[in-house]
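Enquirer: What follows is the residue order along each chain.
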Amino acid sequence: MNLHLLSLLGGRLLVALLTLLIVSFVVFCATQILPGDVAEVLLGQAATPEAVAGLRAAMHLNDPAILRFFRWLGGMLTGDLGISYANNRPIAELVAGRLGNSLQLAAATALFSVPIALALGITSAMLRGSLYDRSVTMATITVISVPEFMIATAGVLIFAVWLKWLPALSFARDVHSFGEMLRIYAMPVFTLSFVISAQMIRMSRAAVVEALNTPYAEMAQLKGASRPRVVLRHALPNALGPIVNAVALSLSYLLGGVIIVETIFNYPGIAKLMVDAVATRDLPLIQSCAMIFCVVYLLLITTADVIAILSNPKLR
Amino acid sequence: ARATSALAATPVKGGNLKAAGWSSSTADTLDPAKASLSTDYVRCCAFYNRLTFLDGDGKLQMELAEKFETKDAKVWTVTLKKGVTFHDGKPLTSADVIYSLKRHLDPAVGSKSAALAKQMTGFTAVDPLTVEITLAAPNGDLPTILSTHHFMIIADGTTNFAKANGTGAFVCENFEPGVRSIAVRNKNYFKSGGANLDSFEFFAITDDTARVNALLSGDIHLAAAINPRSMRLVESQPNVVLSKTTTGNYTNLNMRLDMAPGDKAGFVEGMKYLLNREQIQKSALRGLAEIANDQPVPPMNVYHNKDLKPKAFDPERAKSLFQKAGVLGQSIPIVASDAAGSSVDMAVLVQQAGNAIGMKFDIQRVPSDGYWSNYWLKAPVHFGNINPRPTPDILFSLLYASTAPWNESQYKSEKFDRMLLEARGSLDEAKRKQIYGEMQVMVADEAGTAIPVYISNVDAISNKLKGLLANPLGGMMGYAFAEYVWLEG
Amino acid sequence: MSPLVEIRDLKVEATTDAGRRVEIIKGVSFEIAPGEIVALIGESGSGKTTIALTLLGYTRAGCRIAGGSVSVDGRDMAALSEKERAKVRGVDVAYVPQSAAAAFNPAQRIMDQVIEITRIHQLMPRPAAEAKAVELFKALSLPAPESIGSRYPHQVSGGQLQRLSAAMALIGDPKVVIFDEPTTALDVTTQIEVLRAFKSVMRQSRMAGVYVSHDLAVVAQIADRIVVLKGGEIQEIGTTEQILSAPKHPYTRELLAAFSPVARVAAQAAATASPPPQPVLELDAVSAGYGRLQPNGKPLMLAVDAVSFKLERGRNLGVIGESGCGKSTLARTIAGILPPSSGHIRFDGRPMAPLARDRTPEELRKLQIVFQSADTALNPAQSIEDILGRPLAFYHGLRGPARDARIDRLLDLVHLPRALKHRLPGELSGGQKQRVNLARALAADPELVLCDEITSALDTVVAAAIIELLKELQRELGLSYLFISHDLTTVQAICDEVAVMYRGVKVEQLPADQVGKAGGHPYARLLMSSVPKLDPSWLDTLERDPELVAAFSKR
Amino acid sequence: MAIDAANTTTASQRRTGYRFNLTGWISLIVILAWALIAILAPYVTPHGISDIVDTDYFGPMSLQFPLGTDYLGRDMLSRILFGARYTVGISLAATLIACSIGVTLGMAAAVTGGWFDTVLSRFIDALSSIPSKLFALVAVAGVGSSIPVLMLILGIIYTPGSYRFARALAVNVNTADFVTVARLRGEKLSYLIRAEILPNIIGPVLADVGLRFVFIVLLLSGLSFLGLGVQPPEADWGSLVRENIGGLPFGSPAVMAPSFAIASLTIAVNMLIDNLPQKIRDRSE
Ligand SMILES: Nc1ncnc2c1ncn2[C@@H]1O[C@H](COP(=O)(O)OP(=O)(O)OP(=O)(O)O)[C@@H](O)[C@H]1O
Ligand SMILES: Nc1ncnc2c1ncn2[C@@H]1O[C@H](COP(=O)(O)OP(=O)(O)OP(=O)(O)O)[C@@H](O)[C@H]1O
Ligand SMILES: [Mg+2]
Ligand SMILES: [Mg+2]
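Chains as they are written, first to last, in the working numbering: chain Z, 1 to 316; chain Y, 1 to 489; chain F, 1 to 555; chain S, 1 to 285.
The hints are simulated quantities; they were obtained by calculation from the structure and are not laboratory data. Note that the structure is a prediction, hence the values are computed from the model and not measured. Misleading hints may appear alongside valid ones.
To be clear about the criterion: a stretch of chain Z counts as covered by chain S if any three or more of its residues have a C-beta under 8 Å from a C-beta of chain S, and this derived list gives those stretches [stated by the list, open to error]: (1) 143 to 149; (2) 153 to 165; (3) 236 to 248.
Don't be surprised by glycine CBs; every beta carbon is placed ideally from N, CA and C.
Work out the full structure, taking the sequences as your base and the hints as a guide.
Expert: Here it is as structure tokens:
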């Protein structure tokens with residue numbers, strides 16, 4: 001059984017590596033179609049043909065594209081992410097801090113939203129059809145149909161500008177106390193939670209409702225089990241697969257999808273780095289960011305799949 | 001809130017200033033030659049110095065230079081101030097100046113001012129504090145040209161710009177491109193007194209609303225370039241002061257004279273009459289603009305031609321001109337982008353005016369990315385955005401001379417080129433003023449560039465922040481405010 | 001003595017999706033004394049399960065107790081609050097569900113589920129509960145009683161699960177146990193063990209019981225009194241003796257009359273007279289199983305071990321054997337769902353590809369399988385019309401009125417009303433579903449039908465009708481059947497020959513009427529002697545060869 | 001007996017009918033109203049969408065401008081009515097593209113299994129790990145921004161999620177005996193997914209469609225934020241909120257009204273899906 005699991009994980013890992021390779025190549029090709037290159041972008045309005053040609057030659061941009069790709073890939077394999085075109089700094093250095101920030105924000109959001117979302121989803125499944133259930137459903141849809149930037153901006157206006165309870169900006173550093181950290185993360189975490197919770201609430205509700213409709217849930221009730229026990233001991237373990245999948249998909253949004261929150265709260269995370277990289281056609285940086293998103297995504301999805309498999313004795 | 005009064009108040013020492021610009025990316029740099037965004041300029045101004053600078057009245061002042069001397073406007077001798085040191089302790093010498101200026105000629109540096117620097121053909125270090133600069137052709141404006149931000153002086157041989165090593169009022173403590181920089185006061189600054197602030201943190205908040213909100217909540221002391229849409233909110237706040245400068249920044253509609261429909265006589269003129277300048281000023285820019293007369297020299301510039309009146313909004317006249325050009329009723333694409341500020345709104349206004357007279361304008365809004373290399377100068381009808389330049393010579397030679405690198409409408413006039421050279425080589429102020437005035441009329445009437453308004457820059461500042469004055473080089477005191485302002489209370 | 005359970009004028013209503021109220025139980029009254037076992041019998045859909053569930057104060061979704069009272073040990077279950085009911089369930093009244101396979105949580109180990117009642121009601125510490133569970137496993141003749149609890153539900157056979165669910169109900173020493181068809185899925189040998197175990201456990205602790213079944217012979221062994229139901233109403237109540245020997249109600253008489261169907265001896269004689277026909281199906285040392293292949297080429301779990309037989313055209317082969325002996329696996333292998341790990345299958349004289357997807361459309365059409373569980377074999381989202389119409393369109397290209405006419409004919413064939421074709425499978429009773437399942441196979445005009453336990457969910461009347469139908473079709477169309485069942489009498493009623501399987505091996509094959517006769521395989525004899533009789537004293541007086549029992553019962 | 005008609009030989013009359021509750025009706029009416037507005041937009045807007053009709057900006061609600069004016073002084077009501085075209089049209093089309101492709105492929109992968117499933121699943125994983133904004137940037141750079149392109153981009157961005165969801169559901173159904181029966185009959189893939197799998201997963205799939213629709217509406221405005229969305233002066237509702245967000249501090253109708261419009265549509269779509277008309281199957285007398 002453990003051997004089986006190991007071979008399963010090994011296979012997954014191999015496939016993940018292959019996926020990464022393909023993605024890096026696809027991203028590379030995609031960036032090749034983008035109009036303009038880093039030389040033009042860096043020169044901006046000063047991009048006269050001679051200036052562009054000169055800069056291009058100086059940056060070795062005239063080498064064949066595929067050669068540059070393999071050079072990048074080679075570096076990547078030896079753990080060297082390369083040098084950013086835009087500012088000549090090692091990419092590892094640029095990415096490290098930003099990635100740390102993003103992960104912190106993601107972790108804070110996950111810690112906050114996942115339990116709440118699951119609790120809401122599961123309780124509304126338990127009280128299916130009740131007023132509570134309907135209000136949760138209604139509230140979820142209402143909340144996600146409000147654009148993210150609206151929630152963030154309204155939050156800032158109310159809590160930072162009018163009430164002055166929370167800061168309008170969230171720098172990840174310069175944090176001296178736990179209370180301060182809470183204040184700094186409060187609004188971005190709230191905003192992101194609004195965005196990602198809906199899917200988790202709806203999916204966990206659907207999965208638990210499904211599991212509650214089964215004869216074994218009915219049987220548990222006939223054994224005298226209380227409603228919470230039926231849900232927690234019988235429905236939930238069987239609904240785990242779809243739930244972890246929904247959670248993983250929602251969490252994967254927390255890295256690449258938070259550009260609006262990063263912008264509004266001026267939070268230096270990796271999503272903005274990526275958009276910047278695209279804007280400046282900073283190829284090695286785009287590639288590195290894409291790899292990070294891809295790795296995190298695959299990690300989440302694979303974890304979800306493995307949990308789903310582990311939670312189902314038939315698949316184990 | 002009211003505009004800042006330049007009351008003579010005594011500066012207070014100390015305090016940590018936090019200020020936010022409006023744009024920033026990983027391409028943020030501490031290399032003055034590459035600086036392209038306001039964010040870069042602010043940082044460079046804090047860490048480096050120029051040989052000269054323009055003061056609040058647009059007058060040239062010496063900074064690192066003691067004096068500029070020339071006989072023929074071709075060979076210039078620059079004497080440097082004594083006792084200036086870089087942050088790492090190295091004294092400033094002529095080698096640093098020559099290195100700083102010469103590198104603009106190297107394409108690998110990717111200098112934004114390569115076009116201007118090209119005229120400097122010879123550099124000689126006469127002695128450690130004297131530099132001789134030879135120009136390809138006489139140019140009386142060299143000291144002013146060297147007051148622009150790209151010509152900051154860096155230490156000889158510098159290639160690594162992870163940290164700044166300049167002579168400026170602040171020492172770079174931390175710099176993360178696309179995130180922020182932290183600067184602390186330079187205790188060895190060569191100007192007496194030095195900066196007032198203990199430290200200065202600068203970053204950018206790209207979202208207009210968020211930038212204003214950060215100021216209102218007290219997170220920052222200065223929010224640069226606030227959007228006209230936020231004016232109503234900011235004006236109602238008691239603890240916020242607005243600092244407005246109209247510098248000569250403009251967003252213009254370019255019609256290439258070598259392409260249809262710009263090559264049809266009457267089209268360009270018609271478009272200039274179709275621009276409802278008042279509406280642009282009032283609606284698109286919420287009054288934060290001054291009406292312009294289709295030429296690039298702004299009113300606060302000493303060479304501005306006051307007699308040249310802006311063209312009035314006259315759809316009927318435009319209609320007859322379009323009829324003459326044979327374009328009436330055609331559908332004309334206009335390329336606009338957020339890259340050229342307010343251009344989308346302006347395009348909408350043109351489109352609306354066109355509808356009334358049976359002209360159809362098809363707005364093509366394109367992404368900011370790659371706008372300057374892909375659409376600007378290239379599309380038949382498109383928008384551009386030009387930052388203020390200190391002299392008419394720079395403006396005309398960059399934008400309107402037959403060989404100008406950024407000849408937005410492909411305007412070609414031998415007479416204009418001759419006049420440009422004549423004014424440049426002359427050291428006679430009255431004559432220059434007269435020639436430049438005439439050239440402004442030519443641009444307004446003949447070139448395919450319609451300049452509807454000069455856009456004002458409004459920085460919103462906390463009422464604790466004092467000492468911020470207007471400057472013709474741009475907002476935030478020509479980006480150099482950190483050195484001069486102080487925090488009260 | 002006052003009755004332990006007293007049901008007075010019980011009415012249960014269901015609300016249909018049109019919002020209309022339907023009375024499914026129409027005023028039922030009976031009582032159960034302590035220690036007494038009352039059987040509910042009646043056709044499928046007559047309301048047996050519904051009544052049984054009201055003893056727990058429970059009704060299925062959409063239903064509610066509309067009137068009357070159900071008092072258990074002095075408490076009216078219909079009137080209690082949900083919380084108070086939960087306290088009673090499992091401790092005072094326990095339930096053994098109709099479909100054990102569905103009633104087990106697939107994600108939990110069996111032991112945890114069996115002792116869950118003791119955990120919920122905090123009856124005893126965990127080790128004590130586990131020890132008690134193991135005792136029950138032993139009493140219910142489950143194999144490996146010490147370790148079976150650590151398996152997951154999908155790792156034991158259907159019959160084993162049924163017994164495990166009984167253990168689950170008995171662990172809390174309830175006053176009343178409700179058995180909802182607990183032995184339907186069991187083979188006769190196991191059934192005897194289980195019935196005995198039920199009886200002794202219940203007698204020991206003087207439990208009262210409600211025993212729901214459609215099998216009169218089984219009911220005869222265990223019940224003190226019998227309640228005969230039809231259409232939600234009681235037809236007759238009486239002691240077991242009285243119902244069996246002197247039924248008053250015509251419906252009861254009908255049930256009794258259908259109990260022993262006519263054997264097939266005549267048909268067999270006719271068939272043997274004709275020249276030896278070509279075998280329609282031929283198996284040559286076919287082995288199959290589950291799990292990955294071992295180095296020796298056999299699967300990890302070998303379920304069918306080198307089975308060979310020939311089935312001639314127009315004749316039927318019965319396959320019997322205890323639950324989990326590999327009957328269904330054999331059928332699945334022949335059908336091409338599970339590839340054999342070794343051996344060959346010849347159909348109509350030609351070798352057939354191991355997997356269905358490699359077989360020709362003609363082969364697929366001629367060989368049809370009727371699945372054991374009609375519940376899962378019918379698409380819950382398709383109407384009966386679509387389910388039956390698809391093979392007609394697929395194999396014969398029938399469309400429009402021609403197709404409709406054939407669907408009507410098929411429904412007539414399996415004795416289902418034509419109006420039923422507009423319904424979804426969920427709206428049919430278990431027996432009706434099984435008949436639709438069969439009709440679908442017949443729609444293909446097959447030559448060979450693999451019937452996997454198609455009558456086990458049916459009451460005697462309907463089951464007899466189905467058997468008659470199969471015989472009739474065979475006469476008309478020359479079909480052959482591979483008839484899988486653990487019900488010996490049914491097999492004998494239709495088959496020419498019977499193969500007896502034991503642990504994946506075919507232990508013997510002989511003419512149907514000789515099964516169980518002296519000289520046959522001992523296991524077959526054991527099976528035969530285990531078929532319950534209508535005589536209520538049969539179980540108590542049954543003497544089986546102890547050696548045989550020792551050799552084959554405890555697995 | 002109501003359900004068990006085994007003994008009822010008389011054919012019960014077939015009463016076909018649907019039950020549709022009030023919530024469902026209201027939702028349907030809201031959606032139809034917006035759809036109608038989208039179609040009739042040019043005829044019902046009181047002002048041109050790009051006409052600056054008010055000298056004031058962020059004007060309050062008034063008789064002349066029932067929803068106030070926007071940041072340029074344009075009539076908000078007209079802009080919202082016209083914006084329905086993009087929000088309703090593009091989003092619905094993109095949702096349909098994403099869900100039909102995703103669900104079909106998901107079912108096909110579950111039914112086919114083997115290498116087809118593995119390759120497709122990995123490919124989809126790869127696709128969804130590429131950040132959607134980068135994807136949109138490249139696509140628009142390559143083919144230019146137009147309404148069909150937008151529909152396609154949004155559709156492709158949301159296909160992987162739909163695929164994963166449908167596949168997970170279909171894998172479960174695929175193990176049921178009735179699918180095996182259909183396979184044994186020799187049915188082709190298209191029949192298996194259309195007739196056997198889809199009807200059994202349609203409930204959760206529809207719920208997912210509703211959620212996806214909301215995300216697409218929002219991403220559309222997100223694209224406008226990057227300059228990739230609907231081209232001005234036209235604007236979808238999300239972009240209307242975005243461009244007028246400066247009016248939020250004054251509770252300007254210019255920012256509230258489009259928000260309400262979005263909410264009304266997305267809530268209606270989801271409520272309709274939750275309360276779809278139910279076929280009444282009880283046809284007995
Ligand atoms: N929700 C419902 N709506 C309408 N009728 C229902 C509903 N639930 C059950 N019924 C009907 O109630 C009747 C009694 O069902 P019940 O399950 O008690 O039958 P049963 O005697 O146990 O049959 P079987 O032997 O098949 O288990 C059946 O005819 C069934 O169709
Ligand atoms: N999918 C499976 N994986 C592993 N083992 C299985 C699987 N299906 C069945 N088995 C095992 O194979 C053996 C034969 O099962 P099969 O279903 O053929 O029994 P059966 O004779 O039909 O029993 P029943 O009368 O209970 O239906 C049993 O021991 C069972 O536990
Ligand atoms: Mg029942
Ligand atoms: Mg079986």
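Enquirer: Each of the hints needs a verdict: does it hold here or not?
Expert: A quick look at each hint next to the structure:
With 6 residues having a beta carbon nearer than 8 Å to a beta carbon of chain S, the segment 143 to 149 of chain Z meets the requirement of three or more and the stated coverage holds. Under the rule that three or more residues need a Cβ within less than 8 Å of chain S, the assignment of the segment 153 to 165 of chain Z holds, with 4 such residues. Using a Cβ-Cβ cut-off of 8 Å, 3 residues of the segment 236 to 248 of chain Z lie near chain S, which meets the minimum of three, so the contact claim holds.
Hint compliance for this structure: every hint is met.
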